[in-house]
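Counting from 1, one number per residue, gives the positions in the sequence shown under UniProt numbering.
Derived from the structure by calculation, the hints contain no laboratory data. No residue lacks a Cβ here, since even glycine has one placed at the ideal position from N, Cα and C. Check each hint, because a few of them may be wrong.
To be verified - With a cut-off of at most 30 Å between alpha-carbon atoms, the simulated DSS-like pairs for lysine-lysine come out as follows:
1. Lys-253 x Lys-195
2. Lys-195 x Lys-205
3. Lys-268 x Lys-253
4. Lys-109 x Lys-70
5. Lys-240 x Lys-208
6. Lys-109 x Lys-139
Said to hold, decoys possible - Label-pair restraints from in silico Cβ distances:
7. Pro-144 x Thr-251: 33 to 41 Å
8. Val-82 x Thr-110: 47 to 55 Å
9. Thr-292 x Thr-241: 16 to 24 Å
10. Pro-124 x Thr-67: 30 to 38 Å
11. Arg-153 x Lys-195: 22 to 30 Å
12. Ala-141 x Ala-199: 26 to 34 Å
13. Ala-135 x Val-291: 51 to 59 Å
14. Thr-236 x Gly-278: 17 to 25 Å
15. Asp-150 x Ile-72: 50 to 58 Å
16. Asp-150 x Gly-177: 36 to 44 Å
17. Pro-214 x Thr-236: 37 to 45 Å
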Amino acid sequence: MTGTRQRRRSSSAGQAEEERAALARERRGRRSEEDRRRTRSSKSTGSAKGGAKSRKARKSALRSRPTRGKEIRRRWVALLFVVTLLGLGYLLFFSSVLAVKSVSVFGAKTVPAEQIRTAAAVPPGEPMLRADVDAIRDKVAELPGIATVDVSRSWPTTLEITVTERTAIAFFDSGPGGDGVHLVDGGGVVFKTVKTRPAGLPELKLPKVSVTDPVTRAVTAVLGVIPETMLKQVTTATAKTPASVEFTLSTGKTVRWGDSEDTERKAKVLAALLTQPGKVYDVSSPELPTVTS
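When you get a sec, could you build the whole thing from the sequences and use the hints?
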């Protein structure tokens, strides 16, 4: 009896264990199914979100992409810009529309304007921008009577040449066997030959007269800086060295000037000395001027 009860109890315990195990498996199955559902749901949601984002990105890209009409208009604008640049370049550098049609000369008094135009040698019909103003300036500057030259463009079709002529400050006579009387400017440049001695200019008494000669440059430099009232009284000027310039006045008096330094001071000292009787007035050292008979 007792064994029968024990077997019944064991059988009941085994069944209960099996039922608990089955219930546990069922619960695990439910959880697994729920997990799988959650996973599928999250994947589906993520896919849906990703798809929505992808669709938005595609729509944004389509909106930012220019339409065919806009692209065509842009190409036409670019083409028109290039054509305009090419046309402008042709107009400025090759067309006769903006070519040189006249050459105006300013500042010429003793040098004929036509001589300046001939020296400039501007090709007729040359485009304004292709005219070499530096070369034109250099060619005009080679004329003996021209000291400075400026060449500029006056649009649309005129070149302007402005010159400063050389001013004679003295002359020298080449003598009976020479080629005439030559005018010299303040820089020692011999720029013109005349037939007769010009009135009111001092004569240079030098072995040679040349812009490359230091003595010539020293004498003309002094004549160029002394006061005009004094210059009008000078009849001849000479020197053996650049520092020994002297000149003779219309009164017959001789002035030993020295070099071209301290011009203003020397002029003041000389003006005071000339009030005293004498024959030679030495202001080469203005601190120690002398007068000799």
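Against the structure, the hints:
{"no.": "1", "hint": "Lys-253 x Lys-195", "in the structure": "29 Å, holds"}
{"no.": "2", "hint": "Lys-195 x Lys-205", "in the structure": "18 Å, holds"}
{"no.": "3", "hint": "Lys-268 x Lys-253", "in the structure": "17 Å, holds"}
{"no.": "4", "hint": "Lys-109 x Lys-70", "in the structure": "65 Å, violated"}
{"no.": "5", "hint": "Lys-240 x Lys-208", "in the structure": "11 Å, holds"}
{"no.": "6", "hint": "Lys-109 x Lys-139", "in the structure": "18 Å, holds"}
{"no.": "7", "hint": "Pro-144 x Thr-251: 33 to 41 Å", "in the structure": "34 Å, holds"}
{"no.": "8", "hint": "Val-82 x Thr-110: 47 to 55 Å", "in the structure": "53 Å, holds"}
{"no.": "9", "hint": "Thr-292 x Thr-241: 16 to 24 Å", "in the structure": "20 Å, holds"}
{"no.": "10", "hint": "Pro-124 x Thr-67: 30 to 38 Å", "in the structure": "54 Å, violated"}
{"no.": "11", "hint": "Arg-153 x Lys-195: 22 to 30 Å", "in the structure": "40 Å, violated"}
{"no.": "12", "hint": "Ala-141 x Ala-199: 26 to 34 Å", "in the structure": "29 Å, holds"}
{"no.": "13", "hint": "Ala-135 x Val-291: 51 to 59 Å", "in the structure": "56 Å, holds"}
{"no.": "14", "hint": "Thr-236 x Gly-278: 17 to 25 Å", "in the structure": "18 Å, holds"}
{"no.": "15", "hint": "Asp-150 x Ile-72: 50 to 58 Å", "in the structure": "52 Å, holds"}
{"no.": "16", "hint": "Asp-150 x Gly-177: 36 to 44 Å", "in the structure": "40 Å, holds"}
{"no.": "17", "hint": "Pro-214 x Thr-236: 37 to 45 Å", "in the structure": "19 Å, violated"}
The earlier numbered hints that this structure contradicts are 4, 10, 11, 17.
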